[in-house]
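Participant: Work out the full structure: start from the sequences and follow the hints.
These protein sequence lines map, in sequence, to chains A, B, C and D. In terms of the working numbering, the first sequence opens at residue 1 and continues consecutively. In terms of the working numbering, the second sequence opens at residue 1 and continues consecutively. In terms of the working numbering, the third sequence opens at residue 1 and continues consecutively. In terms of the working numbering, the fourth sequence opens at residue 1 and continues consecutively.
What the hints contain is simulated information worked out from the structure, not anything from laboratory work. Since no wrong hints were added, every one of them can be taken at face value.
From the derived model, a few chain D residues whose C-beta atoms are all more than 12 Å from chain C:
1) H156
2) E157
3) E162
4) K174
5) P180
6) S201
7) A232
8) D357
9) R364
List time: in silico BS3-like cross-link candidates among lysine-lysine, alpha-carbon distance up to 27 Å:
10) K174(C) x K354(C)
11) K109(B) x K159(C)
12) K10(B) x K81(A)
13) K159(C) x K127(B)
14) K144(B) x K96(B)
15) K127(A) x K159(D)
16) K228(D) x K354(D)
17) K109(B) x K53(B)
18) K81(B) x K109(B)
19) K174(C) x K14(C)
20) K309(D) x K174(D)
21) K109(A) x K127(A)
22) K354(D) x K174(D)
23) K109(A) x K159(D)
24) K309(D) x K159(D)
25) K127(A) x K81(A)
26) K81(B) x K53(B)
27) K14(D) x K174(D)
28) K159(D) x K174(D)
29) K10(B) x K144(A)
30) K10(A) x K81(B)
31) K109(B) x K127(B)
32) K144(B) x K10(A)
33) K144(B) x K109(B)
34) K174(C) x K309(C)
35) K96(A) x K96(B)
36) K81(A) x K53(A)
All residues carry an ideal CB built from backbone N, CA and C; glycine is no exception.
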Amino acid sequence: MRHITEISSKVEPVTFVEDELELSFRYWYGEHYGRFYAELRDNRRILGMRCEKCGSVLLPPRPYCGFCHAPLRTWVELSDKGAVDTFSIVHTPNAKELIETPYACAMIKLDGCDVPLYHLLGEVEFKDILTGMRVTAVWEEVRKGALRDIRYFRPSEQRSIRSD
Amino acid sequence: MRHITEISSKVEPVTFVEDELELSFRYWYGEHYGRFYAELRDNRRILGMRCEKCGSVLLPPRPYCGFCHAPLRTWVELSDKGAVDTFSIVHTPNAKELIETPYACAMIKLDGCDVPLYHLLGEVEFKDILTGMRVTAVWEEVRKGALRDIRYFRPSEQRSIRSD
Amino acid sequence: MARRVGVIGTGQSKYEDHRNDVNTPELVREAALAAMSDAGITPGDVDAFVIAGASGFPEEISFSENWIGPAIGASGKPLVRVHAGTNVGANATISAFFQVASGAFDVVLAASYNQRTIEDFRFNSMDCCDPLWDLGFDYPQSTLAGLQARFYLSRHEGKITEEHGAMVAVKNRKNAVLNPCAHVRSEITVEDVMNSSEVASPIKVLDCSRVCDGAAAIVVADEMKARKLNPAPAWIAGVGACSESRSVPYVDMAYPESCVRAAQQAYQMAWVYEPASDLDTVEVHDTFSFQELIWCEALGICEPGTAGKFLELGGSMLDGELPVNPSGGVISTNPEGASSMVRQIEAAMQVMGKAGDHQVPGVRRALAHAWGGAIQYSVVTVFSSGL
Amino acid sequence: MARRVGVIGTGQSKYEDHRNDVNTPELVREAALAAMSDAGITPGDVDAFVIAGASGFPEEISFSENWIGPAIGASGKPLVRVHAGTNVGANATISAFFQVASGAFDVVLAASYNQRTIEDFRFNSMDCCDPLWDLGFDYPQSTLAGLQARFYLSRHEGKITEEHGAMVAVKNRKNAVLNPCAHVRSEITVEDVMNSSEVASPIKVLDCSRVCDGAAAIVVADEMKARKLNPAPAWIAGVGACSESRSVPYVDMAYPESCVRAAQQAYQMAWVYEPASDLDTVEVHDTFSFQELIWCEALGICEPGTAGKFLELGGSMLDGELPVNPSGGVISTNPEGASSMVRQIEAAMQVMGKAGDHQVPGVRRALAHAWGGAIQYSVVTVFSSGL
Ligand SMILES: [Zn+2]
Ligand SMILES: [Zn+2]
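Facilitator: See the structure below:
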């Protein structure tokens, strides 16, 4: 064994190591989400749950209330129309590049629901988007049982606001 | 908003969602590891560090002692020969399939070093592997600056044991 | 400790190879509600929560407080998440213990879980490697366990044999038959183990635990609340945690210093001087059969090299002088992220006299052990029926 | 609290866009040695360690105790790892606080860090989504921050404007020039911000912090040890942590309940009744400029909708009545996993009178705030010069 006191200047240090990973994840839905996504896919219906204890109507549908912790049993059908709670025009590409930039996204309060839903906005100029704007879901023809079975929400016609 | 009291038996629930990820990681080595891997690559030399406080000779080379926390300054050149501290014949495929199963791996105490090194064993029948067996590194011709620049350790000849 | 802390309730979900009937929050809820019900409380009575996050990969989403929190009643309450390897559940309980002992909270619930999201089993315990050192080898825990077992056998040649490993599996599988919560509940023989296929020699398939999905939860409370809610809580008498933190090569796998030190910390706190006689039963983290022997020695229950003899003489049997893993151990039930908390739950139940068919008579002090990471990180908890 | 706990030392590494000159353990060591040196102790004097693990992906290897432990002197010592989003560093300090307050340990070191291992910046804050709900949208934190900022602007239309966000950035970048530890140390104007390109409207590039690599460490001790080692420790007077845990849709982003509740917990413990007058300075987690205003309101420092006016009148300036982010804030220095601990370090330094050029005169009580996850998880710590 030899002792080395000075770092040899002849070697070019190795500076980093790289590693690659390809992973596939599977998340199980359980009964409530399972039904929610099936109704979205098969019947274009958006189901929420009502808490009998605190009165909230909630999304996503879960067997317990996110506000007061009570068990939930009552399913309700929500409208596919609502109002923009807040919005943003996004220029940052997403990690998985699921959506082309720039795009408009929003928190949307569906009629009859107490919590907003994150979704995309479409068929509208970015500059025309306003908080409080009425919107209606545009459904995909081929649906897979996912929130993106709704392509996006588009501005509702004046008439349809009145008739809602 | 309609209340729904029974779960429709018509819809087949959605049971899971899948997701895919492809990730690339880069870990920076810093000065000590950087030199260690360079010497491995360029000069087939295995460098360790000696702790002046507790006397240990350590791998991997780091600027601090894993035993007594003292700062380390003294580099030492270790032998590429040593003895099998423990070994295992592995039949489980690894996550990244870097090594074909079954294979033999071992913790090897290099001569002059106080801590063992994890590596592979080769040029030996599984049944002939023994704890305490003398081994010698077999180097790759093309080296990249990684522990696997050593292809594996093979049993040392009787003669070479004596002459070490 | 500034304040005494007792376990007042425990809960376990149903364990199955795969719990595909529920989502992760619902799975954790199953155990949390069971623990709260056992303690006679509701979510509103819990002052703070600790969630044990599994190791990175099996769970893509890191923000477990975000989706699991509401399922266990943690919305709006103080919450912290601890991470570790397979000892994470035990660490979560110890975090809850510190929170109550500090006087910050009176009642804290700790929850842990395992629901695999990656189908390919090989990714489930892949991250033992140090990226700066041995990334190129990508070894899983079972490879380390094989090296550990061989190292132990070699050190104690003539005293410890491969059959001793098999005998641990046989004993624990037999105990599990008596435990209604256990996942695998069928007996095997030493021949079955010895003839089962090799995984990482000397470890064979039946020396290994079978990973399952499931969750566990534990409720701890300060002395006043504990006495009010539970006639006989399991007091947390001592805790210890230690990581050798030295990358794999440094660890003496046959007598891991992390385990020795974690036990020393817990024994000092719990006034345990002679583990073999002061403890009435122990639950150790036997992911692989040989490990039960190694941990018993590092915990000071048997002298190095004598755990095999102790087993042969029946000392660690359910009716022995110091029953080890009366619940059937990890080898019978391994919901990875929760397994170390299950050890604590089983030890606490023994102290409370609630272990049912696998109850050891007259348990006053019980120990729970856990390991994680690259066999370099140990956690020890001692429970006591008296203060 | 059962025992009083004080900060006796703090340390920060050098911050750079990328710290490629060191590996992760060495980076953490840099901060840990600085903190121990500041406290006048060596690794041997530390009884236990807490490591703040970053969120899952930026760090492939989960067992940080294994490779970081030895670099900071944690080998063979009690150790626990906490995980969270960007508030993980603050949570680590609070865990250390509980450990000391409980009487288990006298001196505990908490460390946090950020060294990005994924080149693609988009993966660095990707995991806000709930896999059961909005995986299909894959939004990063900046998108949530844009929605949050717009929501806040809409609620207080006429009172809060986009220029107020820009003014926060301008103020904090100016303060950072006085802070030798800060990462970005150059002044900008409101026009610069308003003209910078849109990221997620109304948020523009200069409303965003610039992520850097770096590490931070903090040493806490019980009253006796603290008084012995430090003539003027920063006592930890109150702590609070709360996750709304409700998936994104439930959160009132303009007045997050998690922040309100975490503050309530900390204020109650610290006997803070009127935050605006009882506190002498605050460090809030301004990853995005608008957030400083939102946090100030949720912390009870300003009435809802008045943080803009407060800023305009100079109240939050370095020489104002309640300086906010005298250090320059996260917007000037964002080593993600460590940023929330840096807030605590800066608040503690203000209390100890050691903040140098950005010292606020006569600070007796200072607050550190942190947020993490999907804007649903808040942590608050209050430091005090007296007990
Ligand atoms: Zn409710
Ligand atoms: Zn040394």
